[in-house]
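Student: Same order as they appear, the protein sequences are chains A and B.
Each residue of the first sequence is one higher than the last, beginning at 8 in our numbering.
Each residue of the second sequence is one higher than the last, beginning at 3 in our numbering.
Each hint should be verified, as a subset may be incorrect.
[Stated by the list, open to error] DSSO-like, lysine-lysine: derived pairs with alpha carbons at most 27 Å apart:
(1) A:K213 to B:K11
(2) A:K126 to B:K11
(3) A:K39 to A:K213
(4) B:K67 to A:K47
(5) A:K47 to B:K51
(6) B:K67 to A:K39
(7) A:K39 to A:K126
(8) A:K47 to A:K213
(9) A:K158 to A:K126
(10) A:K126 to A:K213
(11) B:K169 to A:K126
(12) B:K169 to A:K47
Hints in this document: simulated from the structure, not taken from any laboratory.
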Amino acid sequence: MSERLSNARAEAAAFMERDYSQHPPAFTPGYKSSTLRAPKQALISYASTLSEKTGPAFGHNMLGELDNDLIVNFARPGEEAIGQRIVVHGYVLDQNARPVPNALVEFWQANAGGRYRHKREGYRAPLDPNFGGFGRTVTDENGYYWFRTIKPGPYPWPNGVNDWRPAHIHFSLFGSGFAQRLISQMYFEGDPLVPICPIVNTISDKSAIDRLVARLDMNNAIPMDLRAYRFDMVLRGRRSTFFENRPEGN
Amino acid sequence: MTRPIEYLKETASQTAGPYVHIGMTPNEYDITGVIAEDPGVTVISDGVKGERITVQGRVLDGAGKPVFDCVVEIWQADANGIYNSPAEHRAGVDPNFSGWGRQAAGENGEFSFETIKPGPVPAPGGGFMAPHITFWIVARGINLGLQTRMYFSDEDAANKGDPILAKARMVGRDHTMIGSREGSTVTFDIHLQGESETVFLDI
Chain A
8 MSERLSNARA EAAAFMERDY SQHPPAFTPG YKSSTLRAPK QALISYASTL SEKTGPAFGH
68 NMLGELDNDL IVNFARPGEE AIGQRIVVHG YVLDQNARPV PNALVEFWQA NAGGRYRHKR
128 EGYRAPLDPN FGGFGRTVTD ENGYYWFRTI KPGPYPWPNG VNDWRPAHIH FSLFGSGFAQ
188 RLISQMYFEG DPLVPICPIV NTISDKSAID RLVARLDMNN AIPMDLRAYR FDMVLRGRRS
248 TFFENRPEGN
Chain B
3 MTRPIEYLKE TASQTAGPYV HIGMTPNEYD ITGVIAEDPG VTVISDGVKG ERITVQGRVL
63 DGAGKPVFDC VVEIWQADAN GIYNSPAEHR AGVDPNFSGW GRQAAGENGE FSFETIKPGP
123 VPAPGGGFMA PHITFWIVAR GINLGLQTRM YFSDEDAANK GDPILAKARM VGRDHTMIGS
183 REGSTVTFDI HLQGESETVF LDI
């Protein structure tokens, strides 16, 4: 056991155990793609080590001016994407309700007609030449993020005979540690497709689903321009470190 | 009445879906002009210290078919076992090394990272973990991103003392976490399901 020098930094704290009741299980036959891609063996559990407590740094200097503006970041000069103009904004917090600053937040979505700009996408709705569907940002010191986009359309997908995805925006979150890595989807308040979506319903906890639904936020709408949706996200929190460097600690 | 301790609950995971590339490797999938370079394209840069290796493999489903639409991320320490991270408490990381890589799998579920062999990393409670690379896999059909680790076949002695491999050994599955090294190439196939199912970690 090495002694810690007084000016040395303490090792980062481990993450709280993941609460799997909040997540979909791997095997969810209602969502057919999961059946051959779901591990069947038990996960091996181990308190997070330095390899999971650490993660790469993301700075605001990596961002381009239009990275968080999907209305114009793929558009021809002077043109804009077609659709309902919205801002999505909120906070990335950890389980201790502390802001997660410098988190990389990436988002992607279909266009207003429900069509993705992807070579394997075959839905008949047209592409919008001015819409790419990708954006990103990095949270500020308060964990706050925002981006401007158009509201994506719902679209049919091959699962059941007549399954439609509710309008949604995909999110990828990268906090301070690799164990916090998370991908999710944001839905829109009042969408009748949410409760009947097989992917939404891979989650059994109704309150966990409710927290994936962004709320219409008229206080932050810009009159005669766009509406706002508020969407907060929570990443795994770190434990307190008592008696670090003492094997008998914790 | 006793008031409960109020921790927030982690946001629920949802699958990355079939079009994950738009968000994570946009330039590779024709969403060009938004950002100059996809993040995580390179793990090392010129002048990096350590043994250069190629880490390659395939991601396969329970029917042995390639998971052609997944994204694989890796995270590893530098040649001295130090992470390039604000959460790393030790100084002296190699400045020519990011340690983080991201790739969209190819049509055959394949990935290939140019990197260096990591050094051993301190284990919780003392000692060292064997050199390893952490993997995270997301795709359509994966409801919660899968974490695993690749260890090295040329590190027998260190692998025997590794605490996480020891747990996998107890269930007879540690071999699924060993990348097979030949020369400078390390091959690590990831089986999501089936007889050769890779060990995935809750960590």
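Student: Now tell me, hint by hint, if it's right for this structure.
Tutor: Against the structure, the hints:
| no. | hint | in the structure |
| --- | --- | --- |
| 1 | A:K213 to B:K11 | holds (13 Å) |
| 2 | A:K126 to B:K11 | violated (36 Å) |
| 3 | A:K39 to A:K213 | holds (21 Å) |
| 4 | B:K67 to A:K47 | holds (17 Å) |
| 5 | A:K47 to B:K51 | violated (39 Å) |
| 6 | B:K67 to A:K39 | holds (15 Å) |
| 7 | A:K39 to A:K126 | holds (22 Å) |
| 8 | A:K47 to A:K213 | holds (25 Å) |
| 9 | A:K158 to A:K126 | holds (22 Å) |
| 10 | A:K126 to A:K213 | violated (34 Å) |
| 11 | B:K169 to A:K126 | violated (42 Å) |
| 12 | B:K169 to A:K47 | holds (17 Å) |
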